[in-house]
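**Student:** Sequence:
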Amino acid sequence: MAEKQEVLISAMRHEAKGILSFEMVPTLGNNLIPFGAGDHIDVFLRDGLVRQYSLMNDPKEKNRYQVAVLLERQGRGGSAFVHQTLRVGDVIAISHPRNNFKIVDDATAHVFVAGGIGITPFISMAHHCKQNALLMKLYYCARAPETTAFVEQLVPLFGKNMLVHYDRGDLAKSIDLNELVKNEKGAQLYCCGPRGLMNALSEIVDLQGGSLITEDFNPISGKKGGEALSEVGFTVELLRSDLTIDVGPGQSIIEALKAANVEVETSCEAGVCGTCVVDYLDGEPVHNDVVLMPDEQETSVALCVAGCKSKKLVLDL
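Residue numbering for the sequence shown follows our numbering, starting at 2 and increasing by one per position.
Source of the hints: derived by calculation from the structure; they are not laboratory data. Hints should not be assumed to be uniformly reliable.
[To be verified] Derived lysine-lysine pairs resembling DSS-like cross-links, with alpha carbons at most 30 Å apart:
(1) K161 to K186
(2) K313 to K259
(3) K61 to K174
(4) K161 to K131
(5) K174 to K138
(6) K63 to K174
(7) K61 to K5
(8) K103 to K138
(9) K103 to K183
(10) K103 to K186
(11) K5 to K103
(12) K138 to K186
(13) K103 to K131
(14) K174 to K186
(15) K138 to K63
(16) K138 to K18
(17) K259 to K183
(18) K138 to K183
(19) K161 to K174
(20) K18 to K61
(21) K18 to K131
(22) K138 to K61
Build out the structure end to end from the sequences listed, making use of the hints.
**Tutor:** So this is what it looks like as structure tokens:
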């Protein structure tokens with residue numbers, strides 16, 4: 002379950018067409034929970050509406066967080082709430098920072114590939130690289146100058162090692178990813194942005210060889226959960242609550258818990274955000290998420306998409 006802290010919205014700013022940033026400071030004058038390069042937070046916007054946003058300011062700053070939100074007119078309501086309802090002076094709850102998008106510090110070079118609002122995690126990562134004298138380069142893919150945010154912040158960080166590519170919405174004018182991967186052989190690649198960009202880059206890296214890390218907060222289109230929820234039922238035992246709950250064939254653990262009036266925080270319900278990750282103590286879960294690393298899967302499970310090979314799964318709930 003996500004640990005929470007209370008923050009005050011201290012500033013909001015239109016950064017580009019459809020992109021709004023907002024700054025959060027502690028309500029009681031204390032420092033915020035420290036964060037690292039590539040960290041993100043859950044933002045609790047209203048009842049049941051939770052969204053994940055990358056922290057984009059310098060991790061050395063102790064008294065503020067900054068995020069940016071793209072207004073998605075066909076979205077699920079989170080970005081519309083931020084743009085239309087959230088205001089300076091509002092007090093909201095957020096989670097402690099966490100990281101599914103870590104910098105590989107021992108890499109010889111770091112190459113960031115951003116698509117649109119996917120630029121946000123790379124700003125904090127760039128601060129980290131510059132402060133630690135790590136070689137870095139940025140490819141920033143966007144539709145047009147008017148929709149491209151934070152260029153003024155990025156230039157002092159990257160200098161000449163930054164390429165901004167505009168495609169004007171024309172796929173024929175997209176950046177040449179084959180050439181990009183070829184030119185950056187040996188570097189650690191990172192990508193955040195539209196799923197199409199990340200999938201295309203991933204396929205090319207698989208073909209040419211290399212290492213790519215991606216981050217995606219968007220639910221997988223057309224899927225309610227994982228692709229491999231259990232075909233047979235099983236039970237979950239909630240150790241701390243002293244409850245045993247049946248999970249039916251094809252049912253998610255989250256659905257079974259909610260039906261039993263057990264509250265668990267969720268957001269994407271597609272295994273991409275980490276909000277519902279909890280520890281398990283016994284059993285053999287089937288991991289369908291894209292959040293947990295292999296070593297983390299030995300002790301933790303994303304409840305929204307996990308199946309189970311064993312007849313019982315014991316959760317630390």
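**Student:** Give a verdict on every hint.
**Tutor:** Taking the hints in turn, this is what the structure says about them:
A distance of roughly 19 Å separates the Cα atoms of K161 and K186; the hinted pair therefore holds under the 30 Å criterion. A threshold of 30 Å between alpha carbons decides the hint, and for K313 with K259 the separation of about 18 Å falls inside it, so the pair holds. With a CA separation close to 38 Å, the supplied pair K61 and K174 exceeds the 30 Å bound. Under the criterion of a C-alpha separation no larger than 30 Å, the hint pairing K161 with K131 is consistent with the structure, at around 14 Å.
Between the alpha carbons of K174 and K138 the distance comes to roughly 21 Å, so the proposed pair stays at or under 30 Å and holds. Pair hint K63 plus K174 does not hold up; C-alpha atoms about 41 Å apart against a cutoff of 30 Å. With a CA separation close to 21 Å, the supplied pair K61 and K5 stays within the 30 Å bound. For the given pair, K103 sits about 16 Å from K138 by alpha-carbon distance, which is consistent with the 30 Å threshold.
At most 30 Å may separate the alpha-carbon atoms for a hinted pair to count; K103 and K183 meet this at roughly 23 Å. A threshold of 30 Å between alpha carbons decides the hint, and for K103 with K186 the separation of about 20 Å falls inside it, so the pair holds. Distance restraint check for K5 and K103: the Cα-Cα separation of roughly 22 Å lies within the 30 Å cut-off, and the hinted pair is therefore satisfied. About 13 Å separates the Cα atoms of K138 and K186, which keeps this hinted pair within 30 Å; it holds.
With a C-alpha separation of about 15 Å, the suggested pair K103 and K131 falls inside the 30 Å cut-off, and the hint holds. A threshold of 30 Å between alpha carbons decides the hint, and for K174 with K186 the separation of about 23 Å falls inside it, so the pair holds. Taking the CA atoms of K138 and K63, the gap is near 26 Å; set against the 30 Å cutoff, the hint holds. The straight-line distance between the Cα atoms of K138 and K18 is roughly 25 Å, inside the 30 Å bound, and the hint therefore holds.
Proximity of K259 to K183 is assessed by CA-CA distance (about 48 Å); at most 30 Å being required, the pair is judged violated. In summary, the hint linking K138 to K183 is supported, as the alpha carbons are separated by about 14 Å, within the 30 Å threshold. Between K161 and K174 the CA atoms are separated by roughly 22 Å; this keeps the pair inside 30 Å, and the hint holds. Restraint check for K18 and K61: satisfied, since their Cα atoms lie roughly 29 Å apart, inside the 30 Å limit.
Taken as a hint, the K18 and K131 pair is honoured in the structure, with Cα atoms around 29 Å apart against an allowance of 30 Å. Simply put, K138 and K61 have alpha-carbon atoms about 21 Å apart, close enough for the 30 Å limit, and the pair holds.
When each numbered hint is compared with the structure, violations occur for hints 3, 6 and 17.
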